[in-house]
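As they're listed, the protein sequences go chains A and B.
Each residue of the first sequence is one higher than the one before, starting from 1 at the first, in the numbering used here.
Each residue of the second sequence is one higher than the one before, starting from 1 at the first, in the numbering used here.
Derived by calculation from the structure, the hints in this document are not laboratory data.
For every residue, glycine included, the Cβ atom is placed at its ideal position computed from N, Cα and C.
Just to be clear, a hint being listed does not mean it is correct.
Below, simulated DSBU-like cross-link-like pairs (lysine-lysine); rule was C-alpha separation at most 30 Å, straight line [unchecked claim]:
#1 B:Lys275 with A:Lys236
#2 B:Lys275 with A:Lys148
#3 B:Lys66 with A:Lys148
Sample of chain B residues with no beta-carbon within 10 Å of chain A, all distances over it, derived [as the list claims (entries may be wrong)]:
#4 Leu72
#5 Phe84
#6 Ile92
#7 Leu104
#8 Leu157
#9 Gln218
#10 Arg229
#11 Arg260
#12 Ala282
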Amino acid sequence: MAQVLDRPPVRPVVEAPAAGRRTAGRLTLPTLLTLTAIVTIVPFAAMVLVAFAPPSGQTFPGALNPANFTLENFSKVLSSSDIPRWTVNSLLYSLVSVALVLLFASMAGYAFAKKKFPGREIMFWAFLATLMVPFQATLIPSYILVAKLDWVDSYWGLIVPTLANSQAVFLMRQFILQLPDELFEAAEIDGAPEWRIFTMIVLPLVRPVLATLGIFVFLWHWNDFLWPLVIGQSGKMQTLTVGLATLQGQAVPINQLMAGATITVVPSLLVFGLLQRYLTDSIAMSGLKA
Amino acid sequence: MTNTQDTVAGRAGPAAGRRPRFGPRRRPWVGLLFVAPMLVLFLLFRFLPAIGAFFLSLTDYRISGKWDFIALDNYTRLLSDNVFHEALLVTITYTVIFVPLTVLLSLGTAVLLHQVVWNRGFFRGVFFLPYVTSIVLAAVIWKWIYDAQDGLLNSVLGLVSIGPIDFLSQSSTVLPSIAVTSAWKGFGYSMLILLAGLQAVPKSYLEAAMIDGAGTWQRFRYVTLPQLRPVLFFVLVIETIGAFQVFDAMYVMTGGGPVRSSYSLVYFLYDSGFKYFDFGYASAIGLVLFLIVLIVSLVQRRLVGRDD
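Assemble the whole structure, with the sequences as input and the hints as a guide.
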């Protein structure tokens with residue numbers, strides 16, 4: 001302690017080596033950062049390069065000359081597989097789920113946050129408790145249920161069971177809880193019908209959460225594997241992730257496989273490119289996991 | 001407070017408290033109607049399967065729909081089933097490799113991003129990029145990277161005269177190889193959480209430590225790390241729970257091989273259900289998985305205590 005008290009007069013002397021070290025750090029840390037970034041990006045770059053490389057040149061480090069780039073692999077994989085159909089399935093699975101989860105979750109979130117009704121607390125905690133049960137643990141009964149409903153190999157079976165999303169309900173409730181009660185009560189006093197209050201007041205106010213949640217629900221579904229694998233049994237009902245796994249198992253030439261892989265990643269990249277800030281900020285704030 | 005005051009105060013503000021005349025208490029069915037769609041979905045597709053899983057695990061439910069109550073037979077069968085023991089061991093081994101790997105990778109990149117201001121947004125984006133893709137895509141790319149004949153990694157290793165190593169066909173390298181793939185795919189998530197945690201460490205603490213003469217490492221070890229503890233713990237638990245559910249990467253990259261050395265619990269569950277149609281048995285595996293996840297979460301509660 002005494003030493004610390006003595007320090008102020010000699011401060012420049014003490015600081016000097018530290019400052020020197022920091023300049024060195026300023027050089028090595030960015031280098032390390034750049035190297036890590038390159039290693040992170042190499043698998044993607046390799047995928048795209050192989051996808052565009054001429055099939056004759058085979059793979060790395062063979063003909064990766066940009067002058068020889070070709071779309072041949074893409075046209076071949078598109079014609080020899082069901083990729084267009086899988087893309088439609090993936091889009092339906094993701095977009096319909098996004099729309100319905102957002103609607104139902106904001107309705108439930110609004111009720112849990114601002115309405116009083118019997119059993120509200122118990123219901124809410126029960127919703128939360130399901131977060132603890134891993135999806136795989138209930139895979140078999142969920143499948144049997146869908147089979148009983150005769151929904152196996154159908155869009156119903158693919159989409160409907162995945163709409164029960166407790167994270168979405170929780171997030172909406174937390175957000176709506178912060179909105180002042182007066183907003184809704186004023187409208188009620190003016191005699192606005194409940195549904196109008198919801199569409200004219202609640203929905204516009206929760207738009208930022210809808211955006212964030214929408215991105216996550218989209219990615220959850222677009223990248224989902226186990227449920228579509230179990231439900232989409234015929235080739236026609238497979239999603240892109242399942243289809244890609246099928247292609248992998250069929251010993252498709254590597255150039256075509258990577259072309260297929262490149263196609264599956266485009267929507268994720270679009271979402272990422274357009275909405276990166278939204279995504280990263282909301283993870284940092286709420287811990288949402290896609 | 002009289003009734004008239006109450007209605008007049010209706011628009012006036014918080015002093016009026018609960019306004020019975022217009023308040024939500026009057027029409028409880030409205031709230032119920034708003035929860036109804038989600039509630040029905042939950043009852044049908046979350047609660048029913050959760051309860052169903054438990055009851056199914058006490059039966060020998062087969063694909064024909066016929067079943068008998070067999071009490072705990074599925075569980076005693078699990079206890080003596082070598083495939084289950086192997087799958088459990090594979091899952092634990094994978095978790096032990098994957099969790100430290102991914103946490104160190106996330107922490108390392110988070111610290112780097114925190115220290116280097118230069119192009120931070122860009123680098124954050126690069127590290128986060130694999131996270132928005134599917135694990136199937138990651139598995140397809142990395143299976144090729146690991147390929148013994150013309151894979152990227154063996155081509156690079158060949159330049160320094162190592163290998164070729166058949167990473168995915170040897171029981172000693174298959175789990176680390178899959179763990180690297182999953183870590184590459186997912187570290188961006190934990191990195192963001194840890195980065196937010198690092199940014200929340202009060203600057204004054206670090207400055208105080210600096211004035212006391214603490215070096216970079218000491219500041220990190222004695223100031224940053226203790227402050228980061230709850231966040232680090234959250235990441236640890238999330239990643240551990242995720243690791244116990246590993247399936248996709250193994251399904252795509254190895255099919256569980258070589259000789260079940262990458263055959264996880266969920267893989268075993270999937271096969272029991274959809275290859276052998278032994279639904280009761282598969283449900284019992286699911287319940288074991290649930291118990292493991294529950295224990296991991298409870299241990300976290302215990303250890304982190306109230307600072308959560």
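Taking only the CA atoms, is the gap from B:Lys275 to A:Lys236 under or equal to 30 Å? At roughly 20 Å apart (the allowed maximum being 30 Å), A:Lys236 and B:Lys275 satisfy the hint.
Whether B:Phe84 stays farther than 10 Å from all C-beta atoms of chain A, as the label says: 15 Å, holds
When you look at the beta carbon of B:Arg260, is every beta carbon of chain A farther off than 10 Å? Holds: least Cβ distance 18 Å, greater than 10 Å.
May I ask you to check that B:Gln218 keeps its beta-carbon over 10 Å from the closest beta-carbon of chain A? 12 Å, holds
Separation of B:Ile92 from chain A, once the least beta-carbon distance is taken, above 10 Å: 16 Å, holds
Determine whether the non-interface label on B:Arg229 survives the test: each CB of chain A must be over 10 Å from its CB. 16 Å, holds
Determine whether the non-interface label on B:Leu157 survives the test: each CB of chain A must be over 10 Å from its CB. Holds: least Cβ distance 12 Å, greater than 10 Å.
According to the definition I'm using, a residue is off the interface if its beta carbon is farther than 10 Å from all beta carbons of the partner; does B:Leu72 meet that for chain A? Given that every Cβ of chain A is farther than 10 Å from that of B:Leu72, nearest at about 17 Å, it holds.
For the pair we were handed, B:Lys66 and A:Lys148, check the Cα-Cα distance against 30 Å. Holds, at about 13 Å.
Does the claim that B:Leu104 lies off the interface hold, with its Cβ farther than 10 Å from every Cβ of chain A? Fine: 12 Å to the nearest Cβ keeps B:Leu104 off the interface.
Distance rule for B:Ala282, whose beta carbon must clear each one in chain A by more than 10 Å: 5 Å, violated
With the threshold set at 30 Å, check whether the alpha-carbon distance from B:Lys275 to A:Lys148 stays at or below it. 19 Å, holds
Going through the hint list in order, the structure does not satisfy hint 12, though it satisfies all others.
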